[in-house]
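*Asks:* Listed below, chain by chain, are the residues.
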Amino acid sequence: MKKLLFVVLALLVCTGVAFAQAGVKKKRPLPYEYGRVVINNYSEGAGLAPVVFDHWLHRGLYTCRLCHVDIGFAMKAGGTSIKAADNIAGYYCGACHNGKMVFAGKPVFASCAPKKFTGDEATRCERCHSLGLNPPRDYDFARFTDGFPRGRFGNNVDWEKAEEDGLIKLTDYIEGISIKRPTLTIQNDFNLSPKVEGMPDIIFSHKKHTIWNGCEVCHPEIFIGIKKGNTKYTMQDIFDGRYCGVCHGVVAFPLLDCQRCHSRPVQ
Amino acid sequence: MRTKLKPLIFVAVALIAFSAPTFLPVAACAAQAVEAAPQSDWQAEFDDICSKTQDAMAMGVDELKAVLDRCDKLKVKIEALEGTQRKVYLRRLEMCRGVFAFALESKEKK
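Protein sequences appear in the order of chains Z and X.
So that you can map any letter, position 107 of the first sequence is 1008 in this note's numbering, and since no number is skipped, the others follow by simple counting.
So that you can map any letter, position 75 of the second sequence is 70 in this note's numbering, and since no number is skipped, the others follow by simple counting.
Please note: incorrect hints may appear among the correct ones.
[To be verified] Think about it this way: if two alpha-carbon atoms lie no more than 20 Å apart in a straight line, the pair counts; the simulated DMTMM-like pairs of lysine to aspartate or glutamate are:
(1) Z:K1133 with X:E100
(2) Z:K928 with Z:E945
(3) X:K102 with Z:D1090
(4) X:K102 with Z:E1122
[Unchecked claim] These stretches of chain Z come out as covered by chain X in the derived footprint (C-beta under 8 Å, 3 or more residues):
(5) 980 to 992
(6) 1076 to 1087
(7) 1112 to 1125
To be clear, the hints were calculated from the coordinates, so they are not data collected in a lab.
Owing to the predicted nature of the structure, the values given are computational and were not obtained by experimental measurement.
By construction, the Cβ of each residue, glycine as well, lies at the ideal position given by its N, Cα and C atoms.
All chains should be built: construct the whole structure from the sequences, respecting the hints.
*Replies:* In structure tokens form, the structure reads like this:
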């Protein structure tokens, strides 16, 4: 009996170790790190540090659509393959970071320049090419988000409520880049029933999503299926960064915040 | 008086004649800039098409087919552009077209 117990215990320990080795424990990012994107398509090759892009600052000022539709940034980090020449020509980062656009009473710094800066001027490159350099920044996360409604995870900010309450005013149009569009007709909200019994239904709000994204960000690239329920996906797909997981878990509130989607009480 | 003015007029005419070769290209450039200021055909077409994505779900099947056809014709023009402009606008057009195709599929499956 003792031998059997020993064998069972040994097996349990071994499988535990095996599973622990196979799994990858992800470090949960700090609030100011959540949504951070590191871009290194060409930076290191050009002798510069990779670019660090903080979503919290940009998402607090602009809609997702402005950057991902009107300016044309891909939804995946590094997917756009931005070159300095693109920025200099006024595309991508250079659409706003051109030294001419005025924001909050001062010009937005130019993102790239045709010549390589040296000396004091080099600090300008480091404003974006900053991985491992930690340069001084104009905006401080704690100050910027001070007074915003708190969220439980991610940036610890409830961005949706901050927008609803008028604490952030999202810019959705840049002259010369964006297209003047009529007001969007809001599509109906709908509920999705999970397969797990006892799990609350998901209430999907088109209204909440279209304020930030318009139509093009999600359809058809992320959600291909036309009819509700046609696109079959699991929580694992979402955790792997597909479907809702393209944004939720990366920039929008993370998947740990179950009740924000699974919000209809079980009948 | 007239005799005094004559050299002055001569100097003025000479100055104009000498400076003309310098100013003419500048004037020509300015004229070109004025010509380039209005939106190019493809850009106006792009703006017109992509401003309609908001209404895609309210459009009829024929309307959607027509706008998809316009997208395909415009794609050929954008493909002829160069560099980043080509890259950016092809991506943007692809996103617009995607919404219309999505809406059309939705209507046809109903």
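*Asks:* Does each hint fit the structure? Answer for all of them.
*Replies:* Each hint, compared with the structure:
1. Z:K1133 with X:E100: This hinted pair holds, its Cα atoms lying about 18 Å apart.
2. Z:K928 with Z:E945: 25 Å, violated
3. X:K102 with Z:D1090: Answer holds: K102 of chain X to D1090 of chain Z is near 18 Å, not above 20 Å.
4. X:K102 with Z:E1122: Measuring from Cα to Cα gives roughly 18 Å; hence the hint holds.
5. 980 to 992: Three-residue rule met by the region 980 to 992 of chain Z, so holds; n is 5.
6. 1076 to 1087: It holds: at least three residues are needed, and the region 1076 to 1087 of chain Z offers 7 whose Cβ sits within less than 8 Å of chain X.
7. 1112 to 1125: holds (count 6)
Going down the numbered hints, you'll see the structure goes against just number 2.
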